[in-house]
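*Asks:* Starting from the structure of chain A, add chain B where the hints point.
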Amino acid sequence: MKVTFPHMGNAWIVIQTLFESLNVDVVVPPFNSKRTLNLGTKLSPESACLPLKLNLGNYLEAANAGADTIVITGGIGPCRFGYYGEVERQILWDAGYNYEVVTLEPPDGSLAGLAKRIRFLAGRKNSWAKILKAMRFAYLKSVALDRVEDLIHAARPRLSHPLYTEKLYESAKQRLAQTMTEKGVQDAVRWVQETIRERQEGLNSMNEGSNKPLRIGIVGEIYTILDPFSSVGIEEELGRLGVEVDRSIYLSGWVGSHIFRGIAPGYRSIRSYPRHAKPFLPHFVGGHGLETVGAAVKFAREGYDGIIQIFPLSCMPEIVAASVLPKVQETYKIPIMTLIVDEHTGHAGIQTRLEAYVDLLERPRLLRESIQTREGVLGVGG
Amino acid sequence: MLVDDKYFLGVDVGSVSTNMVLLRPDNTVKEALYLRTQGRPMQIIQEGIKLLRSKIGKSAEIMGVGATGSARQLAATLLGADVVKNEITAHAVAASRVNPQVQTILEIGGQDSKIIILRDGVVSDFAMNTVCAAGTGSFLDQQASRLGIKIEEFGPLAIEAKNPVRIAGRCSVFAESDMIHKQQLGHSLPDILAGLCQAMVRNYLNNVGKNKDIKGPIFFQGGVAANPGICKAFEEELGQPIIVPENYDVMGALGAAYLAQEKVGSRPGNRTRFRGLDLGETHFQAKSFDCTGCANRCEVVEITQDGRSLARWGDRCGKWSVAGAADTAISGLEQKVEQRGA
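Sequences listed follow chains A and B, in order. Heads up: the first sequence begins at 1 in the working numbering, then just goes up one per residue. Heads up: the second sequence begins at 1001 in the working numbering, then just goes up one per residue.
Quick caveat, the hints were computed from the structure, so don't treat them as lab data. This structure is a prediction, so every number in the text was calculated from the model and none was measured. Please note: incorrect hints may appear among the correct ones.
[As the list claims (entries may be wrong)] Examples of chain A residues toward chain B, derived with CB under 10 Å: (1) Ser33; (2) Arg35; (3) Leu163; (4) Lys167; (5) Gly233; (6) Glu236; (7) Arg240; (8) Ser323; (9) Ile336; (10) Thr338; (11) Gly349; (12) Gln351; (13) Tyr357.
[Unchecked claim] Stretches of chain B that chain A covers, calculated by requiring three or more beta carbons in the stretch to come under 8 Å of a beta carbon on chain A: (14) 1087-1099; (15) 1307-1318.
Here a beta-carbon is modelled for each residue, glycine too, at the ideal position from N, C-alpha and C.
So here's chain A without its partners, still in its complex pose (with noise of 0.2 Å):
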């Protein structure tokens, strides 16, 4: 048995962590590019949202690898990604992939199958003390990861070339992959905080008066806002504009509510969501939805600048999520922005609103800054 994933953004770390830690053999399939979404689209209803085809890109390239298995989440509630697992399975199969799909989905009344699920995956070999160990130290690594991702957020804006800061991102999540002691974990992230500290100072003693970075937070559908690729990069071209980025979900803390039901949090915990969100919309609507209007009022009352949501064409929850938003918008004063995306997305297009948004949020200021200049100026001179 050779098992393969979907990639999310980082998840292809833990995931690789967890099966390598069990002795699995693991097939982590090449990034996604342009090559796995034309790959995944050809085979994909044209309505599909984005992360399947995605997806199905994924398997392709990964059967070449000799991959046999699949295991993908599943889930409960009205985002058609729920049954994505199931939906996969037979188009791979009507493909002539044989393909056998494992879905690991939060328990709905019994353990019973789930604990089926990952006896059948781990095998006969490892015991289930084995098996939560493993779990616990991923987890460990996942939450880390999203450190050390959030370091890059901030230290995007505040390093003076872009180039530097990508090399040491690439770097930690390769020092991050390959350790798998929780010491390597904990230096890893200490490596990344103390580079980022050091060029820091070194600027500072350079140029002084460094003004404090726009801030923007990002909200919306998981896939789309944990993977750089689908959304365009746009955390790192945000970064390179100048901003300082957040975003509503990182990977443990989805884990840890999903998969963990909550005894693990996770990297900022998603659980004050919906308290937030409470006046705006008061129940559930399937996927993040619910989450996105949350966060997206957790920013505005932090004092962020603006707030971005992404989501993939077609995508209800965030659809419900969208018209909502123009209430969230009014009330804390907060501009809101919505870009969607799906496989016809182009860099320009994305790239043209980002810088206006960005100026959007900076003119104002620099307006204030240079009327106070002159003011100064003609203060001096009278």
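*Replies:* Just chain B now, with coordinates in the frame of chain A:
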């Protein structure tokens, strides 16, 4: 008289038209060019510069250059622009300089349409058409030529309509077949054209203008604003007067010129990076290749002038654009540092 010979140049290279504006330091427009891009932005930029050169004196000096439009990066590289800005900011800056009270800008260009909401002279919200280009200039062009009329006649004919017919405007393909259907039923040409204008306006307000607080004064800019039929349909639908500013068709370029003035004029020591008015005579070339460095497989574009590499872009990681001249990316950064330092 020296003052008269100094200008700020604004260039807006869009999908359909390439516009250039020469702005005097006293904020009046010396020259405005509206050229068709015809899919050859590099040549058209050069032709435009040649044209401008022939219209101004030998001693004329360009103090600063701003570039905008979908080919802003290309234009900035060829010209050596001091400011590179997106179309939304450029249009908003131009409108609020022309009339500081403006609260809404409707802009319909060749292939995109946008709405910009301003409050107190600052952009507070905006939207662009996302997945559909129905109702933009290109479609109107296409329909005019199908009906055998000049695009300039389209609007005047449409306002003659007595009973505009109702046309499905959600999709340009369906709009076309609906128009043909109405034509075959015997409706008059003005009624069909007016119906199309109304359909386009409804479509615009439902898609781009959705959830936007449209308050007057309202500016209507972009090439399509030349069409009085569309203006009339907007006025009827919104129940408010629509103002078409004097330089409606080159507002993006005008905004870019103002931005150049802001940037270069803000400090006396600033010098423009403009490559000079003789760039119309040099030879530019563009070539592209697929980078094989990683799975992203970026399409990298390289611009050369007389065989010398000017800039590269298109890569996500910055490997190629940093290696090249990367004027635009770095100038954006410098600008930020400078403005913040000020």
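*Asks:* So, for every hint listed, does it hold in this structure?
*Replies:* Here is how each hint holds up against the structure:
no.: 1; hint: Ser33; verdict: holds, 4 Å
no.: 2; hint: Arg35; verdict: holds, 7 Å
no.: 3; hint: Leu163; verdict: holds, 5 Å
no.: 4; hint: Lys167; verdict: holds, 9 Å
no.: 5; hint: Gly233; verdict: holds, 6 Å
no.: 6; hint: Glu236; verdict: holds, 8 Å
no.: 7; hint: Arg240; verdict: holds, 8 Å
no.: 8; hint: Ser323; verdict: holds, 8 Å
no.: 9; hint: Ile336; verdict: holds, 9 Å
no.: 10; hint: Thr338; verdict: holds, 9 Å
no.: 11; hint: Gly349; verdict: holds, 8 Å
no.: 12; hint: Gln351; verdict: holds, 8 Å
no.: 13; hint: Tyr357; verdict: holds, 8 Å
no.: 14; hint: 1087-1099; verdict: holds (count 3)
no.: 15; hint: 1307-1318; verdict: holds (count 3)
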